[in-house]
Amino acid sequence: MKIYLKIWRQKDASSKGKIVDYTMDGIEGDMSFLEMLDILNEDLISKGEVPIEFDHDCREGICGTCSLQINGRPHGPDRLITACQLHMRSFKDGDTIVIEPFRAKAFPVIKDLIVDRNAFERIQQAGGFISVNTSGRTVDANSIPIRKDNADKAFNAAACIGCGACVAACKNASAMLFTSAKVSQFALLPQGRIEATERVQNMVRQMDLEGFGNCTNTGACEIECPKGISLDNIARMNREYLGASIKG
Amino acid sequence: MSSLIKSSIARKVVMALSGLFLVLFLALHVTINLTSVISPDTFNQWSHFMGYNVLVQYIMQPVLIIGVIVHFVMGIVLEIQNTQARSIKYTKYKGAANAPWVSRNMIITGLVVLAFLGLHFYDFWIHEMTYKYIEANPEDPTRYYAETVEKFAPMWRTLLYIVSFGLLSLHLWHGFASSFQSMGLNNKYTPSIKSFTKIYAIVIPLAFVFIAIYHHLNPITH
Amino acid sequence: MGILDSKIPSGPLADKWTKHKNEIDLVNPANKRNIDIIIVGTGLAGGSAAASLAELGYNVKTFCYQDSPRRAHSIAAQGGINASKNYQGDGDSDYRLFYDTVKGGDYRSREANVYRLAEVSGNIIDQCVSQGVPFARDYGGLLDNRSFGGVLVSRTFYAKGQTGQQLLLGAYAAMNRQIHRGKIKSYTRHEMLDLVIVDGKARGIIARNLITGEIERHSAHAVVIASGGYGNLFFLSTYCMGANVMAAWRTHRRGAFFANPCYTQIHPTCIPVSGEHQSKLTLMSESLRNDGRIWVPKKLDDAKAIREGKLKPTQLKEEDRDYYLERRYPAFGNLVPRDVASRAAKERCDAGYGVNKTGEAVFLDFDAAIMRYGKEKALTSGLKDADNAHIRKLGEEVVEAKYGNLFQMYEKIVDENPYKTPMMIYPAVHYTMGGLWVDYNLQTTIPGCYAAGEANFSDHGANRLGASALMQGLADGYFVLPYTIGDFLADDIRTGPIPTDSEEFDKAEKDVLDKINRLMSAKGIHSVDYYHKKLGKIMWNKCGMSRNAKGLKEAIEDIAALRKDFWENVKVPGAADDKNQELEKAGRVADFLEIGELFAMDALERNESCGGHFREEYQTPEGEALRDDKNFKFVSAWEYKGEPKDAKLHKENLIYENIELKTRSYK
Numbered sequence: 008m009k010i011y012l013k014i015w016r017q018k019d020a021s022s023k024g025k026i027v028d029y030t031m032d033g034i035e036g037d038m039s040f041l042e043m044l045d046i047l048n049e050d051l052i053s054k055g056e057v058p059i060e061f062d063h064d065c066r067e068g069i070c071g072t073c074s075l076q077i078n079g080r081p082h083g084p085d086r087l088i089t090a091c092q093l094h095m096r097s098f099k100d101g102d103t104i105v106i107e108p109f110r111a112k113a114f115p116v117i118k119d120l121i122v123d124r125n126a127f128e129r130i131q132q133a134g135g136f137i138s139v140n141t142s143g144r145t146v147d148a149n150s151i152p153i154r155k156d157n158a159d160k161a162f163n164a165a166a167c168i169g170c171g172a173c174v175a176a177c178k179n180a181s182a183m184l185f186t187s188a189k190v191s192q193f194a195l196l197p198q199g200r201i202e203a204t205e206r207v208q209n210m211v212r213q214m215d216l217e218g219f220g221n222c223t224n225t226g227a228c229e230i231e232c233p234k235g236i237s238l239d240n241i242a243r244m245n246r247e248y249l250g251a252s253i254k255g
Numbered sequence: 002m003s004s005l006i007k008s009s010i011a012r013k014v015v016m017a018l019s020g021l022f023l024v025l026f027l028a029l030h031v032t033i034n035l036t037s038v039i040s041p042d043t044f045n046q047w048s049h050f051m052g053y054n055v056l057v058q059y060i061m062q063p064v065l066i067i068g069v070i071v072h073f074v075m076g077i078v079l080e081i082q083n084t085q086a087r088s089i090k091y092t093k094y095k096g097a098a099n100a101p102w103v104s105r106n107m108i109i110t111g112l113v114v115l116a117f118l119g120l121h122f123y124d125f126w127i128h129e130m131t132y133k134y135i136e137a138n139p140e141d142p143t144r145y146y147a148e149t150v151e152k153f154a155p156m157w158r159t160l161l162y163i164v165s166f167g168l169l170s171l172h173l174w175h176g177f178a179s180s181f182q183s184m185g186l187n188n189k190y191t192p193s194i195k196s197f198t199k200i201y202a203i204v205i206p207l208a209f210v211f212i213a214i215y216h217h218l219n220p221i222t223h
Numbered sequence: 005m006g007i008l009d010s011k012i013p014s015g016p017l018a019d020k021w022t023k024h025k026n027e028i029d030l031v032n033p034a035n036k037r038n039i040d041i042i043i044v045g046t047g048l049a050g051g052s053a054a055a056s057l058a059e060l061g062y063n064v065k066t067f068c069y070q071d072s073p074r075r076a077h078s079i080a081a082q083g084g085i086n087a088s089k090n091y092q093g094d095g096d097s098d099y100r101l102f103y104d105t106v107k108g109g110d111y112r113s114r115e116a117n118v119y120r121l122a123e124v125s126g127n128i129i130d131q132c133v134s135q136g137v138p139f140a141r142d143y144g145g146l147l148d149n150r151s152f153g154g155v156l157v158s159r160t161f162y163a164k165g166q167t168g169q170q171l172l173l174g175a176y177a178a179m180n181r182q183i184h185r186g187k188i189k190s191y192t193r194h195e196m197l198d199l200v201i202v203d204g205k206a207r208g209i210i211a212r213n214l215i216t217g218e219i220e221r222h223s224a225h226a227v228v229i230a231s232g233g234y235g236n237l238f239f240l241s242t243y244c245m246g247a248n249v250m251a252a253w254r255t256h257r258r259g260a261f262f263a264n265p266c267y268t269q270i271h272p273t274c275i276p277v278s279g280e281h282q283s284k285l286t287l288m289s290e291s292l293r294n295d296g297r298i299w300v301p302k303k304l305d306d307a308k309a310i311r312e313g314k315l316k317p318t319q320l321k322e323e324d325r326d327y328y329l330e331r332r333y334p335a336f337g338n339l340v341p342r343d344v345a346s347r348a349a350k351e352r353c354d355a356g357y358g359v360n361k362t363g364e365a366v367f368l369d370f371d372a373a374i375m376r377y378g379k380e381k382a383l384t385s386g387l388k389d390a391d392n393a394h395i396r397k398l399g400e401e402v403v404e405a406k407y408g409n410l411f412q413m414y415e416k417i418v419d420e421n422p423y424k425t426p427m428m429i430y431p432a433v434h435y436t437m438g439g440l441w442v443d444y445n446l447q448t449t450i451p452g453c454y455a456a457g458e459a460n461f462s463d464h465g466a467n468r469l470g471a472s473a474l475m476q477g478l479a480d481g482y483f484v485l486p487y488t489i490g491d492f493l494a495d496d497i498r499t500g501p502i503p504t505d506s507e508e509f510d511k512a513e514k515d516v517l518d519k520i521n522r523l524m525s526a527k528g529i530h531s532v533d534y535y536h537k538k539l540g541k542i543m544w545n546k547c548g549m550s551r552n553a554k555g556l557k558e559a560i561e562d563i564a565a566l567r568k569d570f571w572e573n574v575k576v577p578g579a580a581d582d583k584n585q586e587l588e589k590a591g592r593v594a595d596f597l598e599i600g601e602l603f604a605m606d607a608l609e610r611n612e613s614c615g616g617h618f619r620e621e622y623q624t625p626e627g628e629a630l631r632d633d634k635n636f637k638f639v640s641a642w643e644y645k646g647e648p649k650d651a652k653l654h655k656e657n658l659i660y661e662n663i664e665l666k667t668r669s670y671k
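As given, the protein sequences belong to chains F, S and C, one line each in that order. To convert, take the position in the first sequence, counting from 1, and add 7; that gives my numbering. To convert, take the position in the second sequence, counting from 1, and add 1; that gives my numbering. To convert, take the position in the third sequence, counting from 1, and add 4; that gives my numbering.
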C-alpha cells in the first residue's frame, strides 16, 4: 500500500508546530499503525532527520499511553481500540492520513505528537482513592459482599485507561467521562461510599481548575472511548455532585 | 452550596432546569395558540386572561423572561468556555463520526431561536406592552384573534416562523433529553425519555408551524 | 557462603516471618519524617511500596519513565492474582501455595521467601478489596476464583482479563492519596541513569528528565529498585516497548549482584510473529487454557496443507488432531506450567507440525468448550432439544462473557474470528525470574539499596507460575519492604538530609554525561533498533526456549561483538538536551547488550535443565528437563567486574528443609 501522511511536527512546547507531509510505500495490512510509524522513523533516521516523537508503551491497548488523533478521530477510525491496536488493514492504498496530537488547552503539546496529560493525574490525586491504609489489617475480603451487578458496573467504570480520547473527541474538550468513571467506580462500591461526598466535590473542582470544557452531552466521548466507558457514569457523577452539594 | 454555583456541573444543571422550564412553557403556549385555530373566542378569552391576570403578569411573566435570559446567557458563557478549552484547533476533526449534528450545534440552533425570539417579542410582547402601558388603551378582550391572524398575513414572516420552528425542533431534539442526563437522571426510564423527546421535538414545533400556515392561508376577510 | 548472607531467620518455616518482624529494628514515627526514600519504578511493586512507605511517614520520591505511574506494565497482566484464601474449599492453604510455587519454580527458589509470599497472599486480597479493586464476584456477592497452570486448586482472583490493570490502579490510587498529602513526590517522564553510593550505602540516583533532557541529582537514605524485568532484550516480547533494565543494571554496575540472569519465562500462549515489521508480541492470557485445547495435526501432510492454506483447521477430523499436552501430561493436560507448555509447542513445531505460514504456531481451540458450555446453558435455560447451531450460539455467549476482551484483541491483530476458527499461538518472552540478588529483607548486596517485584530474583526460582507475579509485586511492596527497610533506616535517624553536592554525586553525574556524549557522538551508521533487533535474534536463537553449550558460547561472542559495533556506529539523531526517544532507547539497548552477554554466560554455567532454562544436553529420554540438584542447587549471583565476561560468580546454596526435592512431574 502507498500511504500519504500529514503529521503534526512541533519542536517543543514553546515552538509553533505545523503539518508535514510524508509518503510511505510498501505498507502491509498486517502492520499495526504504530509499526508503520516505526518504519517511517527508521527511514527518517537513515536520512539524518529527527524522527517523529509519539507516546506509546504497551502496544496492546491497556496502558493508555498512545494518544494520536488519526483522521480527525482519537485512536483512528475503528471503535473500541487504541491507536496501538489499529492495523493498517483499516486503510486502503492511496489513503491520506492526518495524524495530530490530542488537542485540549489542558493537554499542552510537549513535542510532535506527545501531549502532557498531568491534568488527569491531578484530578485523580484530588480524590480518586479510598482513604484506607495499605497495612492489610483490614477485614476479610469476603466480609463485604457486593451485588454482582454493582461489582460489574464498578469494574466497567474502572476499566478506563486514562488515555484522554474522551477529551480529544469532545468538541468542548471536556474531561467528564474520565472523571466520572473514577467517581462511579467508587460510588458503586460500599467501600467507596464513605467519602463519596468529598470525593466528587474535590475531583470536579480539580477538573474545572484544569481548564477542560463543559459537558454538553454530545456522547462523542462514549463512542470514541477505547474501553467503552458509558455515559451513565457522567449522569451518575452529576447525581453524586448534586447530592453532595445539597448535603453541603 | 457555593460549589454548586461555581462548578461546570452546576452550569449544566442551570442550563437543564431553565431549558426544561422553557420546554414546559412551550407546551402551554402551543395549547393556547391551538385554540386560535379551533375557536377564536376561546383564544381571545385565554389571551385576555394571560394578559391581565396579576399572577401571570407580575410573577410568571418575569420568571419566564428571567428563564429565557438565564438559558441564553449561560449557553453563551458555556460556548465561550468550551471554545477556549481547545485553543489550538484540529486540522482535521471528524465530529460527525461520533456525535449527531444537533448535539454539536446547539449554539447555532439556539442563536437562531434567540433571533426569532427578538422578532417574536417585537411582534407580540412589545406590541402588548405598548398597547397596555404606553398608549394605555382600555381592555378589549376580543382583539387578540384578529391581531394574531393579521401578523401571519405577510409571506416573509410566516416563512421566518417556519424556519425558526424547524431549528427549535433541532434544539429540542438534543436539549430535552439531554437536560435529564445533566441532572443525573439516567436510568431505566431514559429510553422512554429519549423517545418522548423525539415526539415532543417534532410535534410542538409542527403545531406552531401549522398554526402559522393556517392563519396565513385563512386571513380574516372584512 | 561468604558475602551472600541471605539473612533467613531461624526457626520453623511458618514462624520465620513473624519472628523476623518481631526482631528487626523499627524507626519511630517522628523520625520517619526525617528520612527520604527513592523508589524507581511505579508498577505493582514500586507503586505499592511507595504508598505504604509514605503512609508510614517516610518522604518518598518515585520515578518512572512513563507519563503516569498508572502506565507501568503491571497494567497489562491479564489473568489474575493467586492467594491461599481457600474460599472455594478445595483444600488450599499457605503451605499448598508455597509448595506449588517452589515446585513450579523447579526447586530453585528460597523456601523462606516463598513461604512468606504465601503467608501474606490472603492479606493482599483483603487490602485490594478495601481499596475498591473490583474483583469478579458471583451472584451471592462474594469473590470468584479460577484455575491457573501448574496447580490443582482454584485460587486465582481476577477482574475479567484486566486483573493487573485493576490492581495497579489500586496501588496508584493509594499513591495518589499520598501525593495529595505531599508525602510522595512523583517524578514522571524521568529515567534513572545511575545509582549514587556514599560511604558504601545507596544514597541517591542520577536521573534524566526525559522532557528537557536535564540531568538531575536526587538523594535519599535508601533506594528501592522496582523497575521490572529485562525480557525486552529479546526485542520481541510481551513487555511494553519502554521496559528496560537500566535501573537494575546500573545498580549492578555499582556493586549489586545480579542473580540467575538466564531464568526467563517464555509464555506459551502469545500471538505468533506475523512479519519483519513486528515491534512487539501480544499475550493471550493463560486463563484461556482453562477452556482452550491445544493441538497440531497428527499427520505432517495435514500440517503442510494447513500452512499452505489448502486445508482449514476446522476441516480436520478429531482423530487427525494431536492434543499433545493432553497426550503427554494427562494429569494436568492443557494446564501444565508455562515452561512445559512452551517447550512442548516448540517440540511439535520443530518436528514440522507448525500451523501458520512460518511454521511457528499451534492451535488453541475453543470448539469443545463452546459446545460444552452451550449444552449446559441450554439445559439450565430449559431448552431440552436445542439444535447444534443454537447450542453453539449459547456456548459462544458464555465464552464471550469469560474471555470477550481477549478474543476481541486477537481478532483485531490477526483478523480472524476465534469463535469460528481456532486461535494460533506460539510462545514468547514474557517475564524474567532472574534479577538483582536480594536477601530476606529484599536488600541487594549494596546496603540501603533494595529490589522489589520482577526486578529481584527471589521467589519464582527457574519458572514462575501464572498469577504469581502480581502476588509477588504487591507482597513486596505492601507487606515486606515496609517492615524490612526500617531495619536499615533505623541507623539513619540522625543522618539528616543527604547533600547532592558531594564528590560522589559529581562523579556519578559525570559518568552519566560521558555515556550520553559517547552515544550522541558515535559514527552514526545504524539506528538503535537495528542493534536491538540483532541482539533479539541472537538471544531468541541461542538463549531462548532451548539452549546448548555451543550456541551459548557463540552468543557470548556475538553479543560482545555487537556491543562493540554499537558503541562505535550507533546513530542517535537529535540533541541530548531535548526530548529524544532515540537517545532513551540507545541507553537502554546499551544495557541490554551487556546483560545479554551475562545471560548467556549464566546459561552456559548452569549445566542442567530447570524450569525456563532448558539445556539440550540435559534432558530425559522423553525430552523432559533433567535437573541436577547435586551440583546446581544454588542461586548464581554475578558480581560486576568491568566487562560482562569478567563477571564473578558467587553461589548461594539453596536449602530445602520443608520440601523434598523431586523430579517435577505433571503427568
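Among the hints, a few may not be true.
[To be verified] With a cut-off of at most 20 Å between alpha-carbon atoms, the simulated SDA-like pairs for lysine to any residue come out as follows:
(1) F:Lys178 x F:Ile230
(2) S:Lys95 x F:Arg129
(3) C:Lys381 x C:Tyr423
(4) C:Lys568 x C:Asp533
(5) F:Lys13 x S:Thr84
(6) S:Lys7 x F:Arg154
(7) C:Lys189 x F:Ile46
(8) F:Lys178 x S:Asn188
(9) C:Lys575 x F:Ile46
(10) C:Lys302 x C:Gly279
(11) F:Lys99 x C:Asp419
(12) F:Lys54 x C:Ala526
(13) F:Lys25 x C:Val402
[Unchecked claim] Calculated from the model, a selection of chain F residues having no Cβ within reach of chain S, i.e. all distances over 10 Å:
(14) Pro84
(15) Arg96
(16) Asp100
[As the list claims (entries may be wrong)] Derived, one-sided and incomplete: chain F residues facing chain C with beta-carbon distance under 7 Å:
(17) Asp64
(18) Glu67
(19) Asp147
Keep in mind that the hints were calculated from the coordinates and are not lab data. This structure is a prediction, so every number in the text was calculated from the model and none was measured. Just so you know, even glycine gets a beta-carbon here, dropped at the ideal spot from N, CA and C.
Which hint numbers does the structure go against, in order from smallest to largest?
Result: hints 2, 5, 6, 7, 8, 10, 13, 14 break, sorted rising.
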